[in-house]
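Protein chains: 2
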Amino acid sequence: MKVQTFDQFIKSDRYQVIMQRSRFSYDSVLSVVQDILDNVKRDGDQALRKYTKDFDNIDISNFRVSDKEIKIAYELVNADFLKALEVASRNIRGVAEQQLLQMKHTTVMPRSGITVWQEWKPIEKVGLYVPGGNAVYPSSVLMNAIPAKVADCKQIVMTTPPQNDGSISPYVLVAADLVGVKEIYKIGGAQAIAALIYGTESMPKVYKIFGPGNTYVVAAKQLAAANGEVAIDSPAGPSEVLVLADETANPKYVAADLVCDAEHGNDSAAVLVTTSSVLAEQVAEELERIIPRFTTQQRIKESLEKFGAIIVAKNMKKALEFANEYAAEHILISTKDASNIAEQVTNAGSVFIGEYACKSAGDYATGANHVLPTGGAAKMFSSLSIYDFMKAVEYQQVTVKGLTEIRQSIEIFAEVEQLPAHKYSCSVRFENN
Amino acid sequence: MKVQTFDQFIKSDRYQVIMQRSRFSYDSVLSVVQDILDNVKRDGDQALRKYTKDFDNIDISNFRVSDKEIKIAYELVNADFLKALEVASRNIRGVAEQQLLQMKHTTVMPRSGITVWQEWKPIEKVGLYVPGGNAVYPSSVLMNAIPAKVADCKQIVMTTPPQNDGSISPYVLVAADLVGVKEIYKIGGAQAIAALIYGTESMPKVYKIFGPGNTYVVAAKQLAAANGEVAIDSPAGPSEVLVLADETANPKYVAADLVCDAEHGNDSAAVLVTTSSVLAEQVAEELERIIPRFTTQQRIKESLEKFGAIIVAKNMKKALEFANEYAAEHILISTKDASNIAEQVTNAGSVFIGEYACKSAGDYATGANHVLPTGGAAKMFSSLSIYDFMKAVEYQQVTVKGLTEIRQSIEIFAEVEQLPAHKYSCSVRFENN
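Respectively, the protein sequence lines represent chains R and G. 23 is the number that my numbering gives to position 3 of the first sequence; each next residue is one higher, with no gaps. 117 is the number that my numbering gives to position 97 of the second sequence; each next residue is one higher, with no gaps.
Hints listed in this document are in silico derivations from the structure and should not be mistaken for laboratory results. Please note that a few of the clues may not be correct.
Each pair may be met inside one copy or between any two copies, as identical chains are not told apart.
To be verified - No farther apart than 25 Å at their CA atoms in a straight line, the calculated lysine to aspartate or glutamate pairs in the DMTMM-like style are these:
1. Lys321 with Asp58
2. Lys103 with Glu451
3. Lys337 with Asp63
4. Lys169 with Glu139
5. Lys321 with Glu431
6. Lys338 with Glu144
7. Lys141 with Glu117
8. Lys421 with Asp266
9. Lys124 with Glu139
10. Lys225 with Glu308
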């Protein structure tokens, strides 16, 4: 990759491309997806069978994964995988449980006789979509299912497209079973989202749907959310990393983290911003050296070419300004005084501090959640956590003394807003009954 | 209103109508709204001027409200209103500040050498839409702007449609100014939302848009959110209240709270569920008696006819089951042992406890937020709070010891997921450099 100074970079055509990166566009599939939603709503299981036949090329009579299938899955994975799952799960659960502790409500008494608080309660029914196809991502199962369990969602419904032989990846099944997902269905695509929204004879409806998917899946989620039929998680696009480094960074590690991100897909984005032109050149050379060794090299090359950059900034302040404007899904800080720099990051999905916080550690096993806002959405969306599986219910308790204190305020607002029954709902409490 | 037993009610045609209540449908305006979005994106201020001329019938050259206009607004409101604002603001701010305290992060060390935490940071730029027209709602300004200020959002941009003479309601202006909103624009409708999304010569773009509006406004927000161009607050529909009462409730208070909600608009929903058939009849009579006294009686009658109900349940358990399925925006608990009943509410926007917690108290002055999920959305959406004006940034810090502990787990996941550069991003840290 070519090394550019920041000034060259912002004046070049690349700037807009890099800032924009790849975005989902699903205009072309909207009408197909709307049909799928309508048909599943109307015909239920019959429509699910038809679409599974059409799109996945399989006749499925029973969508639900059986206990026997789960048992077989355990026989197909080895002990090392179970160990890896166990290590990652324990850390993810530890983080989620701490979040739950933090959410215990405290009441406020804004004035005597008035008590107000919020209580976080689980969303009772949630759906988890797990993509299928060539990719098998048991780690994504953990990242969604563990917070759902810790949040104590009553019903967790997972759905994933069947493979060519009608089965589900044993890695996905074992990951789901191990963290306590009891209800797994073999349906994929927009029809799976439709089933989660409306319910069918065999599938329950849910209140909120989580998980990434192809264009059809994303379009179905967005359409349903826009119609108010279901809540969905934050939008998720291609993976992206921004490495912020100074002359103390190890170029081998930096290059490794850039390719680690770039191999996700040919739309991934990997950007290095550094205050050291020496490091920049070293990383560029190291990339040339290591890329050919990976079976995923084609994807790595394509994504670096499209959305990759190595930028030399005048100083750390400039570098941070750019980072906060870019608002990366992952930002890796490999600098002197990294903790201090990290605190100055205002927009990011996840901030990795220190040279041993490699990207794959956060993807899999530190306990941090790898479901993160992309495409600049970190400016307004959060990293996934148990908050997403709960909702805040507001409470307010008022005594006669409390109401007396705010009575005048209520009555004046009601007058200004021309809502006389609002005034009456307060004043009747002070009439002789 | 007719009193029904629960069994009669769920078997009747009313059941579906009541559960469904009124929902926004904006299919009919989507293409008009898309044009407005596209034109404002392309033509900026020129398009804003054109639409303001077309829809609001006014030529506006300067959209921004001037200091002079603010000063005049203060002259137009009386001291009582300022006092009412002050009382309500102090309580709303007290609640928001307590929420902020609660959000201080605590770190987790899921194992030695690995530290993970979330930090809540303000969304830097937010937009507040304030509806205009006949209705003037300074209380809504407080409910959105105060949490934004407490969250420390750097730029808070408010926009509201101009009145026929090109001015803005002094109540709205004073409320906004008093709580520290410095940037107010006189633009309404879908064009205002477009300006907030894309920015124009005179208006800055923002990252998240809050506030209710007419069909065009809601459609513009939903369209932009579905395209990933901006974040929006939770969907908001017509107001609704569910009163849960037993024989200890005062029928006058219950009837007052039902009309208080019903007067919001002819699509509002007001439902009483009670274990006492005596109370049910008393409330029905009281409604007949009081409705004619309100200038808003037409709206009250229409909404009660369409979406109102008085239902007698066999016992409190049944009543609570119904309440949790209905998932009301407001639920008022007027029973023996109200706090205990309140805890059993799983789905609601705001829970009012005790006979002095009248609906208008929460609408205006207890400090609780009146922006709440409607139409059953309380099953998955939260009451508005400072969380909505912030986003959680995830942090992870890993030492060499920490990475050693999870190294095997990372490498096995990378193998299973066929991502060799993920494995390398970890293993390179253990090579001799």
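Tested hints:
| no. | hint | verdict |
| --- | --- | --- |
| 1 | Lys321 with Asp58 | neither (41 Å within a copy, 35 Å between copies) |
| 2 | Lys103 with Glu451 | between (69 Å within a copy, 24 Å between copies) |
| 3 | Lys337 with Asp63 | neither (58 Å within a copy, 34 Å between copies) |
| 4 | Lys169 with Glu139 | both (18 Å within a copy, 22 Å between copies) |
| 5 | Lys321 with Glu431 | between (67 Å within a copy, 22 Å between copies) |
| 6 | Lys338 with Glu144 | between (46 Å within a copy, 18 Å between copies) |
| 7 | Lys141 with Glu117 | both (14 Å within a copy, 21 Å between copies) |
| 8 | Lys421 with Asp266 | between (61 Å within a copy, 23 Å between copies) |
| 9 | Lys124 with Glu139 | both (7 Å within a copy, 17 Å between copies) |
| 10 | Lys225 with Glu308 | neither (50 Å within a copy, 40 Å between copies) |
The earlier numbered hints that this structure contradicts are 1, 3 and 10.
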